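Novice: Here the protein sequences come in this chain order: A and B.
Quick note on this note's numbering: the first sequence kicks off at 1 and runs consecutively.
Quick note on this note's numbering: the second sequence kicks off at 332 and runs consecutively.
Fair warning: there could be bad hints in the mix.
Cross-link-like lysine-lysine pairs, in silico, DSSO-like; alpha carbons within 27 Å at most [unchecked claim]: (1) B:K499 x A:K240; (2) B:K499 x B:K437; (3) A:K218 x B:K414; (4) B:K695 x B:K709; (5) B:K709 x A:K251; (6) A:K311 x A:K87; (7) B:K526 x A:K131; (8) A:K172 x B:K640; (9) B:K414 x A:K172; (10) A:K172 x B:K499; (11) A:K218 x B:K469; (12) B:K571 x A:K308; (13) A:K243 x B:K499; (14) B:K469 x A:K159; (15) A:K311 x B:K526; (16) B:K571 x A:K185; (17) B:K571 x A:K131; (18) B:K678 x B:K640; (19) B:K571 x A:K311; (20) A:K218 x B:K499; (21) A:K172 x A:K261; (22) A:K185 x B:K695.
If you're looking for bench data, these hints aren't it; they were derived computationally from the structure.
As the structure is a prediction and not an experimental result, all values here were calculated from the model.
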Amino acid sequence: MKTIKRKMTGLLLVLVLIMATFVGCGGKSSEGSGGGGTKILMCLHDSTDTFLVTLTAAMQAKAEAAGVTLDIVFAENSVDTQREQIKEAVGKYDAIICRLADSSTALQMEVAAGDLPILFINNQPDADYLKADKYVYVASYEQDAGRFQAEYVWNGLGKPQSVNAIILEGQKGHSAVAPRTNAIKYFFWENNVDLNLVFVDFANWSDEEAYEKLDVFKETMQPFDCIFANNDPMAVGAIKWLKDNGYDTHKILVAGIDCTKDGCQAVIDGDMYMTVLQDTAGQGEAAIEGAIALAQGKSIADLDGATKDCKYIWVPFVAVDQNNAAQYQQN
Amino acid sequence: MANNSKGKRQRKIKTKLLLLLLPAVVVTIIALVVISSILTRQSLTEMATAQLDSSIANQSDNIESWLSSNLQEFSIAKTIIEKTHPDDAALLEILDSTYNFNAYCKDGPYVATASGQTYKAAESTKNFGGIQSEPWFKQGMTRVGLAYGSSYTSSDGVNLISATGLLKDGSGEVKVYGADLTLDQVSTIVNSGVKMESAASFLVDISANNTILAHRDPSRVATQITAEDSDPMMAGIAEKLQQRDYMTTAIDNYEVAFREIEGTDWVLVSYISNSVFLQDVAKLTNVLIITGVIAVLLIILIINLTVSKVISPLGHITKHITDMSNGDFTIEVNQESNDEIGMMGSKVSEFVESMRGMLSSINKESAKLKEQSNNSDKVSKSMYDASRSQADAMQNLNNTVDQLAVAVNEIAENATTLAIVVSDTRENSNQANESMKETVEISKKGRANMEHLSVAMEGIKNSNDELVNSINEVGKASEEITNIVGLIAEIADETNLLSLNASIEAARAGEAGKGFAVVASEIGKLAQNSAASAENISNLINDVGKAINNVVSQAELSARNIEANSDLIHAAVDTFDQIYQNIEKSNELIDLMIQDVQKVDDVASNVAAISQEQAASADEILETSHHMVEQANNITLSSQDVADNSHELANTSDTLTSYVQKFKI
Chain A
1 MKTIKRKMTG LLLVLVLIMA TFVGCGGKSS EGSGGGGTKI LMCLHDSTDT FLVTLTAAMQ
61 AKAEAAGVTL DIVFAENSVD TQREQIKEAV GKYDAIICRL ADSSTALQME VAAGDLPILF
121 INNQPDADYL KADKYVYVAS YEQDAGRFQA EYVWNGLGKP QSVNAIILEG QKGHSAVAPR
181 TNAIKYFFWE NNVDLNLVFV DFANWSDEEA YEKLDVFKET MQPFDCIFAN NDPMAVGAIK
241 WLKDNGYDTH KILVAGIDCT KDGCQAVIDG DMYMTVLQDT AGQGEAAIEG AIALAQGKSI
301 ADLDGATKDC KYIWVPFVAV DQNNAAQYQQ N
Chain B
332 MANNSKGKRQ RKIKTKLLLL LLPAVVVTII ALVVISSILT RQSLTEMATA QLDSSIANQS
392 DNIESWLSSN LQEFSIAKTI IEKTHPDDAA LLEILDSTYN FNAYCKDGPY VATASGQTYK
452 AAESTKNFGG IQSEPWFKQG MTRVGLAYGS SYTSSDGVNL ISATGLLKDG SGEVKVYGAD
512 LTLDQVSTIV NSGVKMESAA SFLVDISANN TILAHRDPSR VATQITAEDS DPMMAGIAEK
572 LQQRDYMTTA IDNYEVAFRE IEGTDWVLVS YISNSVFLQD VAKLTNVLII TGVIAVLLII
632 LIINLTVSKV ISPLGHITKH ITDMSNGDFT IEVNQESNDE IGMMGSKVSE FVESMRGMLS
692 SINKESAKLK EQSNNSDKVS KSMYDASRSQ ADAMQNLNNT VDQLAVAVNE IAENATTLAI
752 VVSDTRENSN QANESMKETV EISKKGRANM EHLSVAMEGI KNSNDELVNS INEVGKASEE
812 ITNIVGLIAE IADETNLLSL NASIEAARAG EAGKGFAVVA SEIGKLAQNS AASAENISNL
872 INDVGKAINN VVSQAELSAR NIEANSDLIH AAVDTFDQIY QNIEKSNELI DLMIQDVQKV
932 DDVASNVAAI SQEQAASADE ILETSHHMVE QANNITLSSQ DVADNSHELA NTSDTLTSYV
992 QKFKI
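Kindly produce the complete structure, drawing on both the sequences and the hints.
Specialist: Structure (structure tokens):
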């Protein structure tokens, strides 16, 4: 009797150990969201950034609707100030939303935040410093922008089998450049379109530089059907160059990104075929949703746009062409 | 025998301990092995993935920096040319001077114009070919900044990539500046840059239908990687490349990582076979299992040794206890260890010591006890005898008194019987007296009744006489009625005559007397009716007269009968008187007899009372002597018990002595 008892106890112990081993791996649950009492701190780098002003308005509204407290502080472009602000948040807040003053200081901010989860927005830290359900980047999915450009322009050209294209890239080494440019290439490759890149060069986001680069290209006298620019200013520069060189902007299609004031105006005027808008409000809402989930110790896995590795929440871009440009026009 | 049982017990304890401990140990060790294997597998896989990630990151960084440093070196000459706007001779001089500037670029930098003009260093072996159709020239026309294009095979049959760009020297002519790197060199860089043991890498150009730029297997270089590849891992990689899914993943027992090389359309792929690190898991598991088995064996051995060592003193103690149970208390127990078993030994020793002392004192005490019990046995025996004879004497006395009592009782009984008989007699004569009195009463009543009857008879006779008188009166009245009726009959006859006369007169009168004639005939009829009635009444009265005469004669007969009865009753009354007088006399006689019986009863009662008193006294004496006999018997029994007890005591002390003598002390 006693022997059996002891044996049972032993077996039980072993079972418990084994169970603990397996259970220890996955205990994250995701229940319905709702953030009663959750406090979120938003650290922004600059109070004058219009993009951020739009973003904060959307976030405030979302936070109010979700019943969470959202406090906003500005670092005025100082890494030190930002670190101090994050350090002080420890113990007072449940999650931090941060627009890094300097994208290379992500690790420093993570250290300052202690155990608090951080959602980075707008300025992308290195992927190595992101961690599943802890340090998450919320942004528009750059590849979508390039894909929209390619898709719209190809359709605008009448879906030809072969396309001669110029790509004006932003700054060499900038995180947004490769995804945006590659997405254009990928789209044509995937649609079995013979993409002939007659000119691909960096114009450093600048309309003037775009103009200059195109002037050099002019000498090669290669034919081209369209110009893809990594941002609107370069697209605007390209339009100017086209006009100066007697091209018809309704035949040579130009696509930009960001839907700036000038870009949007160019779309309305018909000079620019299309541009792509970052869904600022969507980003703000996604950041709040993500922050609530992380503050409550849940996973972001169930949120829209969350990647499998739970390190990114991608908010879709919005394509803007003549049909809908007016509603995105900035004053 | 003792050794045998000792050995048996030792085995039992050992076996028990082994049975208890071994399963627990084995299960624990198995659990540990399984858990460590699983955990190791998990963490090794994670580690391998992480290591692969870091290896590929490092490698891609290296490739990127190698490419960009080359690019920068190539850019130096390009910048110089663009800044200095050299003529042809100066341009060649610049190209000559920068030849061998970069160790990887065998042909050095070169320049070609759209018109077919080419410039290269003197030592360069660059074969320009058809310029306009050359891939490098086409690539160079698409950019100002120097950049790498897709790989291609040169006219010499060498796989190359070229860093090319438009030369912006302000000449107005389209000039392309370029520098070549062979894919072999890229391969060397890729293959030698793998930072993880047993991992391998290859480079794919996704802009050229996934052409492999660098691979360990030279036959793979410059071929395309497709989803139809015979190697499932390569096919899987091709699929991932097609989907642009560059997340580190497991494909066909390989961990595969992807990394895009910045500034190019290249993707670096790094992979490692699961078996490489799972081999470690298997090795570890084997080591764990072997260690586990050894541990189990060691534990068995240790338990065996420990138990043997711990319970060896128990053997001695067991032997001593066995001896003790056999009655041998001459043993000496040595304390062999300082643990609980040692303590047990010393306590057994103390026990043996105290037992020995106890047994010897019991021995002494039991001897004394035996002596004493023998003494008391004797005393009780003599006491028993004495009480026995006393009881006998008492019994004799008792019998004598008993006989006396019986005699007295008989007398008393006889006297009592006599008294009862006399009493009964008196009772009976009393009852006779009562009966007599009742008889007198009854005869008295009979006489009175007879007298009453006589009086009644007299009354009846008077009434009968009155009746005769009354009837005679009635006879007289009926004679008067007969006279009256005769008168009526005469009247009726006269009336009838009158009516006849009237009728005749009427008939004479003729018509005038007609009415009168009718009345006269009616009256005639009436008179005739009256005469008939009177006759009837006369007849009736005659009948009444006859009846009355009958009644009178009957009444006279009754009067004579009543007189006769009256005489008989008087005679009966006289007879009753005589009976009454006789009974009175008998009654008096009975009263006398009762008085005599009363006297006899008194005497008999006295005798009975006296003899009863005597009987009671005899009973008391008997009771007392009974009591005495009982007590004498009790004494006998008690002394018998005392004798028995002392006997038993003697036996017990004998037994005790024999027991104690069994122990060796």
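Novice: Hint compliance check: list the failing hint numbers for this structure, sorted ascending.
Specialist: Those not satisfied are hints 5, 8 and 22.
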